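A.B. asks: Listed below, chain by chain, are the residues.
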Amino acid sequence: MEKDKKKSENPLKVNRRHFFSQLSVGIGSLALGSLLIPDLFKGVTSERLTHPLGVAHFAPKAKRVIYLFQAGAPSQLETFDYKPTLRKRMGEDLPESIRNGQRLTGMTANQDKFPLMPPAVDFKQHGESGTWVSDFFPHTAKIADEITVVRSMHTEAINHDPAITFFQTGSQISGRPSMGSWLSYGLGSENKNLPSFVVLTSRGKGNSQGLYSKLWSSGFLDSKHQGVLLRSGKDPVLYLNDPEGISRSDKRHLLDQVSSLNKLHHAETGDDEIESRIAQYEMAYRMQMSVPDVMDISKEPESIIKLYGEDCQVPGTYAANALQARRLAENGVRFIQLYHQGWDQHGNLPNEMAGQAKDVDQASAALVLDLKQRGMLEDTLVIWGGEFGRGNYCQGKFDPTNYGRDHHPRAFSIWMAGGGIKPGLNYGKTDEFGYNVVENPVHINDFHATLMHTLGLDHEQLTYKYQGRRFRLTDVAGNVIKDLLT
Amino acid sequence: MRQKLLVLFILVFLAGFLLALKKGVFSVSNDESIGLIIPDIVDYNFHIKPILSDNCYTCHGPDANKRKAGLRLDLEGTAFLELKESPGKFALVPGEPKNSKAYLHIITDDPEVIMPPSDSKLSLNSYEKKLIKKWIEQGAKFEKHWAFIPPAKKEVPKSEESQWGNNEIDAFILEELELNNLNPSVKASTETLIRRISLDLTGLPPDADQVKGLLDNHTDDFSFTIDKFLASSGYGEYMTQSWLDLARYADSHGYQDDSYRTMWPWRDWVIHAFNKNLPYDEFLTWQLAGDLLPNATKEQVLATGFNRNHPITQEGGVIQEEYRVNYVLDRTNTLGKGILGLTLECARCHEHKYDAISQKNYYELFSFFNQVDEKGLQMDAVQAKNQKYYADPPYIEISADETEDLLSFINMEKNTQIKVMVMNDSAPKTSFILNRGEYDQPTDSVEPSTPQTIYPFPKGLPQNRLGLAKWITDKNNPLTARVFVNRIWTMLFGRGLVETTEDFGVQGSLPTHPELLDWLAVDFMEHNWDIKYLLKKIMLSSTYQQESKFRPDLRQVDPENKLLGRMPRFRMSGEMIRDYILTTSGLLNAKIGGSSVKPYQPAGLWEETNAGNNRGILTTYVPDDGDDLYRRSLYTFWKRTLPPPNMTIFDAPTRDFCEVRRQKTNTPLQALALQNDVQVLEAARVLAERTVVERVENQDMITDVFRRILVRSPADEELLTLKKYYGDAVNTYLKDIEGAKKLIAVGEYEHLNTDPVKTAALMLTAQVIYNLDETITKE
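Keeping their order, the protein sequence lines are chains A and B.
Heads up: the first sequence begins at 1 in my numbering, then just goes up one per residue.
Heads up: the second sequence begins at 1001 in my numbering, then just goes up one per residue.
Simulated from the structure, these hints should not be mistaken for lab results.
Note that this is a predicted model, so its numbers are computed, not measured.
Warning: the hint list may mix true and false statements.
Derived DSSO-like pairs (lysine-lysine); straight-line CA-CA distance at most 27 angstroms [stated by the list, open to error]: (1) A:Lys251 / B:Lys1129; (2) A:Lys234 / B:Lys1742; (3) B:Lys1129 / A:Lys465; (4) A:Lys465 / B:Lys1598; (5) A:Lys263 / B:Lys1562; (6) B:Lys1664 / B:Lys1598.
With the rest of the complex left out, here is chain A:
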């Protein structure tokens, strides 16, 4: 490794260049005000600074997202994708021309027959849009003109773990930042007393699959962007509650000592990281007030309780989380991620789906209506859907009243509402078997690109350099589906 004196000056020159390049970033981030200044001196590496964060690339329609994730993958054939052909050809084998080489999971790969199975529930058209909705979802049916149903979603994954990971992080392989983390990174926070990315979980009685903290991980992004799990019960954020025997004013007094001793040490060492720590302690103190406040629904009027359903008063239910989501949205949380487990109907589908739908139907519709009546729907994007679809053939014993459906990646349905999405649209089509997309396919990467677009972010521009490569939520693909946008 040859080196001369002149050259050896260079690493420092590079430092200084990065140092100043941060300042140019700083312009965009001035909204963060004084909080940013300590960072300037910390000498953050250039990797963090590939995009002027805290500013959208263009005018956003949506300011925040509420994602009602239905974990386990609800069947499109019993929700929004009505296929009368399945009834006409009930019991016939799925034609090979339709399956066309689709790989199957280990659960049905060994079946010798793939008999077509019609839905055990009726469908009707609703609203001016004429959107087909199954009778499992009477409340959703009533907001048919508020939502856009996309029936042409598709993915590559056929197992839960990679499929959910794909939806939440843009990659089937663990380790990438989650969608909410990307948005927190790209847009920053609207409320300095609450995290910008919040996760709420609930579980139905249907067959369910586990959730993983990696789904709300910030991956290689700074961990301040990671999702904060808000839990029902007395400690909604981990370690939020002070121990018994210490009052709020005692706590203030204690923190004041911590601050003053930290300040002494700051003077001694000159390290601004200490100032930053003091600021984090203050934010933690504020969170101890703001989080319980936002979670306290006792002041919600009777009309709201009725709208979301009685369950919304039971902490930890989907309905309670949906109401919570609205309150968090009002308080400036950028990305609110709900998970409802229990949608993995390999058997006993009619029964289990009826139960799952009952858990989520009223509250999901209520959330849309509630946001609308507050004038928040126009800048809040609401999304409802799972990680893949389900097969049109029967899994297990053929019984039209008690059947199962295996995983299916090639076509499934989700709905979106508000936040720059055209209302009352029916987008994309599957074939008469509900197996393949035949019109306007939307890949997960496209979905991500579109979602980011509504928030004013160019999915190709929001990058983070890690391990020598610029990463994006959409990896190397994705097109904004312009037809979906207002």
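The hints should help you fit chain B onto chain A, whose structure is shown.
C.D. replies: For chain B alone, kept in the frame of chain A given last:
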């Protein structure tokens, strides 16, 4: 007084600096490069390649499929060829920037032809353009990538002005400092150094007696201190702690149902290996290929558990081959990131865009790990639970009897038996290049081999993992020693000589002190890959022993402290913080090894996210009781889908894959964890009780607690603050004795019947100290 002056100085400096920012820098920020000086001699590796790699290689680099206009700029042999699309023209003409099309395209204003193209969202600044111009003027010379040139010891520089320095390391550091007209910092206080050395070698603070003993015996030479900590068993535990991230160790399988596995005897082996100071080349060889060594011992086979630590699925419906291939990919990527410092995984799906690692190279490495007699899915979580099946084949069985003898380092209960997953080569198969990295799209077949560009696979080596291990640990391999030396440097200084510890490739960062890195790497190999020697060498340097205070002159010239004109100070890991609190409160249970334990964790975390219906094994979290609550954090049960929250809040990775660099963030959730985690509160309570029993005078009590936690005496102002606080707290609790009783009821540990008011007040005083930045920082 001196402090006040310093504060004043800093304030004035800050104010001036902010003013400068407002006035000048923001307004010219469109071109950040103004004011940078072009060096007299432009260096390909240090100046030019980073620009070309970052901006040009995507279309003009190693990946033939994405190459545009037939131009390949990463190789000397192709960069000067006549351009296919412009006969008679060349991208680069040595000495003639005006005739070099590449340069002309870079400086043009024409959006149609500008490079990088406008839709790439990339652009070069004027500094970078000038560098390229000058490089072409100076002959456009290419060099091999620095990290692929074998390291060699260069002559150690000699300063004409300064006597500073203890060993060769300091000479290299001083040279750079002097070039920038900077001085090194003074030596840190003895107490600070003892704490620093103790933390760096054992991950634990020194206890008060240890400090006293060392202070009493102290000469200026820290050899004795270093040796003492190197010899303690805490050393192996601490070194193991960080190896677990690299080895993606966990107590659960990961994926969907995330059930239990028994890999902890492998972890006990790692502790043992570090403590007996197994040379690094053997340490690697055993882990990569212990089973293939002639007359392999059971211990050597156990070491290969390293490559079975990856997640394994238990989801019923998966396709066997898809997951089996995933496991092999994981081993290949771990070899790259953890041991070679290369992001090999980029070449899984396509030719590497930056490094000269082809997809063929990748699958040649892959094929070394592709001979294992394993399945993608052995058993689903329900079956595994019913059959108490905690290890997938291949595995070895270890009986308690064996641990009395050859495997005495495994901490096992009597009359038990345990299965540990290991490697074998019992299922030989041909490997193929996988198109787009997909398991079901094999193309050409490949033989086990290693990338020529790094170092050719020597003839005569077996084409199996043992051959691979020999290639890795060959002294001519340019990466292995550099990467490890850098890893150790990162542990001590918080940042490597190469900042991107995981990437020594073209896109990785350049070494700040290349000659020092090479000197250390060669020295390490010359000393038989002796890890303890390496640590001691660095710790005996004056560089390491500097104090960590920020000096205004350093901050101005070198804000990131890359030149090391002072010792960096940085926050400890989650594990270290918890161990620190357990140690200083006297709660730590020093038992070594054994099955992982479940300390306090907020209730309900596993229950809320599991698959429901008690499917699988790890569905509910039941904390242990008694002594197991106070084990070192590396023994805390690691469930991949929900790792211990008091670790992840402090940036621990999930262990889903190999990780070699943790972030050091500063968040409100960390503040909450330190204030309200039962583990911390209980430690403060126990420390308070013990102190109340041992001490009578208030002042002594507070000094005592302070000394125990911070390993130094409090300054007058600190003591005054804490005494006053303690007094206030006593007054508060005198009026609220029930409150005091509630507060000190925290935690399972046996209560001493001390006065509740005094105890509560002292407990909160200890809480104040546990929440100080200094407590969780390595100074």
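A.B. asks: Among all the numbered hints in the text so far, which are the ones the structure does not match?
C.D. replies: 1, 4
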